[in-house]
Each structure stands twice: as structure tokens, then as C-alpha cells.
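From first to last, the protein sequence lines are chains A and B. In the numbering used here, each residue carries its 1-based index in the first sequence increased by 5. In the numbering used here, each residue carries its 1-based index in the second sequence increased by 5.
Hints listed in this document are in silico derivations from the structure and should not be mistaken for laboratory results. Just so you know, these numbers come straight off a predicted model, no measurement behind them. Treat each hint with caution, since some may be false.
[What the hints assert, rightly or not] Below, computed lysine to aspartate or glutamate pairings styled on DMTMM-like, alpha-carbon distance capped at 25 Å:
no., chain 1, residue 1, chain 2, residue 2
1, B, 112, A, 152
2, B, 112, A, 75
3, A, 61, B, 83
4, B, 61, A, 152
5, B, 112, A, 15
6, A, 68, B, 74
7, A, 61, A, 48
8, A, 112, B, 83
9, B, 61, A, 33
[Stated by the list, open to error] So the derived label-pair ranges between C-beta atoms look like this:
no., chain 1, residue 1, chain 2, residue 2, range
10, A, 151, B, 93, 27 to 35 Å
11, A, 143, B, 141, 45 to 53 Å
12, B, 112, A, 95, 45 to 53 Å
13, A, 66, B, 93, 21 to 29 Å
14, B, 93, A, 100, 17 to 25 Å
15, B, 104, A, 64, 43 to 51 Å
16, B, 15, A, 118, 26 to 34 Å
17, A, 10, B, 21, 16 to 24 Å
[What the hints assert, rightly or not] Counterexamples of contact, computed for chain B against chain A with all Cβ distances above 12 Å:
no., residue
18, 11
19, 18
20, 60
21, 61
22, 72
23, 78
24, 93
25, 95
26, 97
27, 101
28, 107
29, 112
Heads up, the beta-carbon is just placed ideally off N, CA and C, and yes, glycines get one too.
Protein chains: 2
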Amino acid sequence: MIINAMNEQECRDFLLRGSIGRLACCLDGQPYVVPVYFAYEPDYIYVLSTLGQKIKWMRINPKVCMQVDEIASQSRWESVVVNGTYEELPEPQYAAERTHARTLLQKQYRWWLNALAERQAKTDEAMIEPLFFRIHTSSITGLRAEDD
Amino acid sequence: MIINAMNEQECRDFLLRGSIGRLACCLDGQPYVVPVYFAYEPDYIYVLSTLGQKIKWMRINPKVCMQVDEIASQSRWESVVVNGTYEELPEPQYAAERTHARTLLQKQYRWWLNALAERQAKTDEAMIEPLFFRIHTSSITGLRAEDD
Numbered sequence: 006m007i008i009n010a011m012n013e014q015e016c017r018d019f020l021l022r023g024s025i026g027r028l029a030c031c032l033d034g035q036p037y038v039v040p041v042y043f044a045y046e047p048d049y050i051y052v053l054s055t056l057g058q059k060i061k062w063m064r065i066n067p068k069v070c071m072q073v074d075e076i077a078s079q080s081r082w083e084s085v086v087v088n089g090t091y092e093e094l095p096e097p098q099y100a101a102e103r104t105h106a107r108t109l110l111q112k113q114y115r116w117w118l119n120a121l122a123e124r125q126a127k128t129d130e131a132m133i134e135p136l137f138f139r140i141h142t143s144s145i146t147g148l149r150a151e152d153d
Numbered sequence: 006m007i008i009n010a011m012n013e014q015e016c017r018d019f020l021l022r023g024s025i026g027r028l029a030c031c032l033d034g035q036p037y038v039v040p041v042y043f044a045y046e047p048d049y050i051y052v053l054s055t056l057g058q059k060i061k062w063m064r065i066n067p068k069v070c071m072q073v074d075e076i077a078s079q080s081r082w083e084s085v086v087v088n089g090t091y092e093e094l095p096e097p098q099y100a101a102e103r104t105h106a107r108t109l110l111q112k113q114y115r116w117w118l119n120a121l122a123e124r125q126a127k128t129d130e131a132m133i134e135p136l137f138f139r140i141h142t143s144s145i146t147g148l149r150a151e152d153d
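Same shape as in the complex, but just chain A:
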């Protein structure tokens, strides 16, 4: 197995193909990591989410790290790590950015709305509003392992 650094263009191409990442944030020295659906375009990563611990933490400390990988086997994998800054996209100031995020995450967003509608019809629960945010990427690095 050889492990090589991916160059920036390779990392970007990799992120363009990806859709699931693991997003880490931290507060008071305690890290927290959860899976998210994302869409990448230079120099932002757009994410669809619900309110929860990660959002509360990122509102206080916007420094984040996202990791995306494709692991074919122990000796064939790619892993890209992105550092960046959390930026929420609330209405109405970020209307254009929200529309853009919705377009990029169209598949996930539609699926989300359908899943919610179905569930509401059955349970009469209140609508959970999805929340959009983006990560302004500051560094992107990657490693690729291949068989010799």
C-alpha cells in the first residue's frame, strides 16, 4: 500500500462527488462529530440539518472540520479533511443563499419534505423546519491509499 497526499484539485473533485460527510465541532475543549448530507462548490460546503447540539455549539464556536471518505478496502481509500467556518443561512437576510443551498441539496431537500409530510399525515406532529448552513472552507487536504 502507498499513501499519497491528494493535491487541492483532486480534493475538490472528490468533494464534488461526495454527499455524506462527518462534521466535527467543539465547545469548551469537548469535540462532537455527526454525519451530515452536504453539497460542495468552491469555496463552500452547504448542509441541510435540524436544530440540535451541533447547531447550538457552532453558533458559539464556528470553527469546524469536515471529513469525507470512500473506503473500498484497508489498502484502497481516499479521505479528505476540510477546515472551515460555520455560517448559518437564516431568513430573510440569506434568502438568495438559501435558495442556492436548496438547489444544490435538491434531492435531499425533496426527500426530507416528503418524509416529513408522510410522517405528519400519520402522526399529526408539528413540522420540523429544516435549517441550512454553509461552511466557508479555509483548508482542504486529502490522502489516498492505493495498492503498490
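Guided by the hints, dock chain B onto chain A, whose structure is given.
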């Protein structure tokens, strides 16, 4: 889709089946997350690694978070999040724990040694010593999404 919390036993069973996790640590308010191979047994997660940024950071701030998931589809997945404390297992003080870790991570360890030996034979590079550490788990929570 219904999302339910997994109880502690379900989370533990899930970790026993898993082998790849995403480990997050942080330093000075900056999180960092990378994939790792692990083996779980109550109340520790054993990891095989090489020296790198995560080890340097965890030596300074031992608070970590590891996330493990199985994502079958957007509406069928399980995700477990573990908080805990980093504990390195250096020679000679931790000889017994290292032996134990090596046994638990036997498959990965053997594979690792073989991959290194092959590579050394070809490239005459210096041996990279694998490093064992464990995470003392302090909390384990999980979510499971299923179709209605």
C-alpha cells in the same frame, strides 16, 4: 421515516459489530476529525494508529468524540456517538494493555505489518511503528432511522 434513540445496550451491540469510526479531537477551539479502525469492549475503544496531528492534539487535550454509523439509505441508518478520554498505551507500562489491544485488533494489526513489510522490501523505507491507544468511554448515545 421514524428516528428513535437507541438504548445503551443497542449502542454497545452496534459498537461491537463496527470496525471503522470517525474520531474527533480538538485543540484551541479547532476540531479535527479522521477515520480510524477500532475494536470496542466495555468500557474502552481500542485504536491502532500512526503518529500524526490527532495523536499530538489528544496528548494535549484528551477529550474525544467518536462516531460510528451504518447508512443503508437516507431513511435507514444507525449512528452512535461516544464521548470519552484518550489514553495512550506506551511500552513498557502498558505492556498488558498493548497485548490486549493487539489481540482485539489482530486482523488490522497483521494486515498492517504485512503491508509495511511488503512496502519496506520494495522501498527500503524505515519501519513506521504502529501506536496503540484506547478511549475510556464516558457516554454512548445512538439514533436509528427506520421506514414507517
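Here is how each hint holds up against the structure:
1. B:112 <-> A:152: holds, 18 Å
2. B:112 <-> A:75: holds, 20 Å
3. A:61 <-> B:83: holds, 22 Å
4. B:61 <-> A:152: violated, 28 Å
5. B:112 <-> A:15: Given that 25 Å is the threshold and the Cα spacing comes to 31 Å, the pair is violated.
6. A:68 <-> B:74: Status holds; Cα separation ~23 Å.
7. A:61 <-> A:48: Holds, because 23 Å separates the two Cα atoms, which is no more than 25 Å.
8. A:112 <-> B:83: Given that 25 Å is the threshold and the Cα spacing comes to 21 Å, the pair holds.
9. B:61 <-> A:33: holds, 18 Å
10. A:151 <-> B:93: 27 to 35 Å: holds, 30 Å
11. A:143 <-> B:141: 45 to 53 Å: Check failed, 32 Å falls outside 45 to 53 Å.
12. B:112 <-> A:95: 45 to 53 Å: Holds - the Cβ-Cβ distance for residue 112 (chain B) and residue 95 (chain A), about 48 Å, lies within 45 to 53 Å.
13. A:66 <-> B:93: 21 to 29 Å: holds, 26 Å
14. B:93 <-> A:100: 17 to 25 Å: Given about 50 Å between the Cβ atoms, the range is violated.
15. B:104 <-> A:64: 43 to 51 Å: holds, 45 Å
16. B:15 <-> A:118: 26 to 34 Å: For residue 15 (chain B) and residue 118 (chain A) the Cβ distance comes to about 29 Å; the hint holds.
17. A:10 <-> B:21: 16 to 24 Å: At 34 Å between Cβs, range violated.
18. 11: Correct as stated: the minimum Cβ-Cβ distance to chain A is 14 Å, above 12 Å.
19. 18: holds, 19 Å
20. 60: The claim stands: residue 60 (chain B) keeps its Cβ more than 12 Å from every Cβ of chain A (closest is about 15 Å).
21. 61: Residue 61 (chain B) is indeed farther than 12 Å from all Cβ atoms of chain A, at 15 Å.
22. 72: violated, 4 Å
23. 78: violated, 10 Å
24. 93: At about 17 Å from chain A, residue 93 (chain B) clears the 12 Å cut-off, so the statement holds.
25. 95: At about 23 Å from chain A, residue 95 (chain B) clears the 12 Å cut-off, so the statement holds.
26. 97: The assertion about residue 97 (chain B) holds, with a minimum of 29 Å to chain A.
27. 101: Holds: least Cβ distance 27 Å, greater than 12 Å.
28. 107: holds, 16 Å
29. 112: violated, 9 Å
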